[in-house]
Every structure is written in C-alpha cells, then in structure tokens.
Amino acid sequence: KAGVTQTPRYLIKTRGQQVTLSCSPISGHRSVSWYQQTPGQGLQFLFEYFSETQRNKGNFPGRFSGRQFSNSRSEMNVSTLELGDSALYLCASSFDSPNQPQHFGDGTRLSIL
Amino acid sequence: AQSVTQPDIHITVSEGASLELRCNYSYGATPYLFWYVQSPGQGLQLLLKYFSGDTLVQGIKGFEAEFKRSQSSFNLRKPSVHWSDAAEYFCAVGAGNTDKLIFGTGTRLQVFP
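As given, the protein sequences belong to chains A and B, one line each in that order.
Be aware that the first sequence starts at 1, since it is given in this note's numbering, and climbs by one per residue.
Be aware that the second sequence starts at 1, since it is given in this note's numbering, and climbs by one per residue.
It is possible that part of the hints are untrue.
What the hints assert, rightly or not - Pairs of lysine to any residue, SDA-like flavour, derived with a Cα cap of 25 Å:
| no. | chain 1 | residue 1 | chain 2 | residue 2 |
| --- | --- | --- | --- | --- |
| 1 | B | K61 | B | Q110 |
| 2 | B | K61 | A | K13 |
| 3 | B | K68 | B | G41 |
| 4 | A | K57 | B | Q2 |
| 5 | B | K49 | A | H29 |
| 6 | A | K57 | A | S27 |
| 7 | B | K49 | B | D99 |
| 8 | A | K13 | A | N59 |
| 9 | B | K61 | A | K57 |
| 10 | B | K61 | B | T5 |
| 11 | B | K49 | A | Q100 |
| 12 | A | K13 | B | G41 |
| 13 | B | K49 | B | K61 |
| 14 | A | K57 | B | F51 |
| 15 | B | K49 | A | G28 |
| 16 | B | K68 | B | T55 |
To be verified - Here are the computed distance ranges between Cβ atoms for each label pair:
| no. | chain 1 | residue 1 | chain 2 | residue 2 | range |
| --- | --- | --- | --- | --- | --- |
| 17 | A | L113 | B | R69 | 33 to 41 Å |
| 18 | B | G62 | A | N71 | 32 to 40 Å |
| 19 | B | S14 | A | T53 | 48 to 56 Å |
| 20 | A | R15 | B | A29 | 41 to 49 Å |
| 21 | B | S26 | A | G40 | 41 to 49 Å |
| 22 | B | D54 | A | K13 | 43 to 51 Å |
Because the hints were derived from the structure by calculation, they are not lab data.
C-beta: ideal position from N, C-alpha, C; glycine also.
Using the sequences and the hints, build the whole thing.
Structure representation (structure tokens):
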C-alpha cells in the first residue's frame, strides 16, 4: 500500500508570493490533517479535512487555507508569504479521524527569501 | 481544550542504557494518547497509542508507555537504547471522536556509542 505522498519536497519562494502544497493520502483514508513544523514551535495544527469539508481548524491567519477533493487528495495554500512561514509542512492521513493512528508524509520544506 | 507538555527538549544516553521520555497532558476526560518518532528529513511514524484498557501499552521497536491518570502522564520507555533510536520523539493528545490532535514540542534523543 502506497504511503502518504507530499509534493513538492522543497520549495523556495519570496515574500509576498503564494504557494500551493499537495498531499495524496493512503488509499481509503478520508481524514487529512496538515501541520506546520518549526524548530521553536514543534508541530502546530493547521487544519483537518474530511469528505471535502474542513472539520477542524488551528490558530493560523486566513492566509492559510486548504481544500480536499472527492478522491481525498488535499491541497493547502499560503498567500502573501512572510519570512515566518518558512517551515516543514507535514500532511497526515487516517481512516476517518485524527484520533486514529495517522500516517505522515515526508513533508514539504518551504523556504521564504 | 487538551494540551500536552514534553519537559525535556534534549536527552542524551549511552547505547544500551535505559530510556524514559516524559509526557504530561491536560484534559478533563480520558484522552487518546500517542507517541510518534521522527527521523531527520522524514515524517512521523507511530510508535504506540492508548485509547482505553490496559494502562501499559507496547509499541514497535521495543518501546512501551504507561498511562497514569493520577499524574496526567504518558511516559515512553525502552529498557536498552540502540544507536538507531536517535531521533525526535513527539507525544500527542486527542479528545477522541473527530477532534484534532495536539502535539508536544518534542524531545530530541541523542545516543552515544
């Protein structure tokens, strides 16, 4: 069974640009969660999608958004990038709840210049 | 809302020594508890989980954890550490159902030969 796939693995952007990250969950998993990981803050929960609906949301500004498609694939978008958005963005999938074992992708490393 | 604390940012042990990583949580009811491990450049992998029942849970790679309600703790242990255990370890707590998962800030484990 293929694991969680995140693309791209690395991204370099400049301030003010916008970026879209993609996540393909494990087949059959309908819950997809996104996390931001930075050295000082650890893993911060961004949002969770289930059946194309945002079910949970963390404390991030509106510049961070996401969506989920009918095949459970998910994207997250960050607009008007800031230097502080530099981080590893991790996607995790589980069958139907974040409180079940989550399977993580290897992440997208986003660097803002 | 639930929260989780990992008091130790960095721990160093010798290969073959025993290990205990601390995790304290805050939640009014019985939480869903997890330990994940992250190797450099990779996503997180589930080590073990506790939902209910026996308070001593066994996981992969020889790890175990004990849920102590009276101390609001879920410490991770391993009797004999191997060099390959060097990684970052994250404790996570969930409220169950479809609620989001909250991660601690992590403990980095260094193993000396």
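>> Does D99 of chain B sit within 25 Å of K49 of chain B, going by the straight-line distance between their CA atoms?
In response: holds (16 Å)
> Is the straight-line distance between the alpha-carbon of K61 of chain B and that of K57 of chain A 25 Å or less?
Replying inline: violated (33 Å)
> Given the hinted pair K49 of chain B and Q100 of chain A, is their alpha-carbon gap at most 25 Å?
Replying inline: Holds. K49 of chain B to Q100 of chain A sits at ~9 Å (cutoff 25 Å).
> R15 of chain A and A29 of chain B, beta-carbon distance inside 41 to 49 Å?
Replying inline: holds (43 Å)
> Keeping to a limit of 25 Å between CA atoms, is the pair of K57 of chain A and Q2 of chain B held or broken?
Replying inline: At roughly 14 Å apart (the allowed maximum being 25 Å), Q2 of chain B and K57 of chain A satisfy the hint.
>> For K49 of chain B and G28 of chain A, compute the direct alpha-carbon distance and say whether it is at most 25 Å.
In response: Cα-Cα ~21 Å, so holds.
> Are K61 of chain B and K13 of chain A close enough, with their CA atoms no more than 25 Å apart?
Replying inline: Violated: K61 of chain B and K13 of chain A sit about 39 Å apart, past 25 Å.
> For the pair supplied as a hint, K68 of chain B and T55 of chain B, is the alpha-carbon distance within the 25 Å limit?
Replying inline: holds (7 Å)
>> Looking only at beta-carbon atoms, does the pair S14 of chain B, T53 of chain A fall within the given range of 48 to 56 Å?
In response: holds (50 Å)
>> Need the status of pair K49 of chain B, K61 of chain B: alpha-carbon distance at most 25 Å?
In response: Since the Cα atoms of K49 of chain B and K61 of chain B sit roughly 14 Å apart, the hinted pair holds (cutoff 25 Å).
>> So if I understand the rule, the pair passes when the alpha-carbon distance is 25 Å or less; does K57 of chain A with F51 of chain B pass?
In response: Answer holds: K57 of chain A to F51 of chain B is near 23 Å, not above 25 Å.
>> Check the hint pairing K49 of chain B with H29 of chain A against an upper bound of 25 Å on the C-alpha distance.
In response: holds (19 Å)
In this structure, the hints that do not hold are numbers 2, 3, 9, 17 and 21, in rising order.
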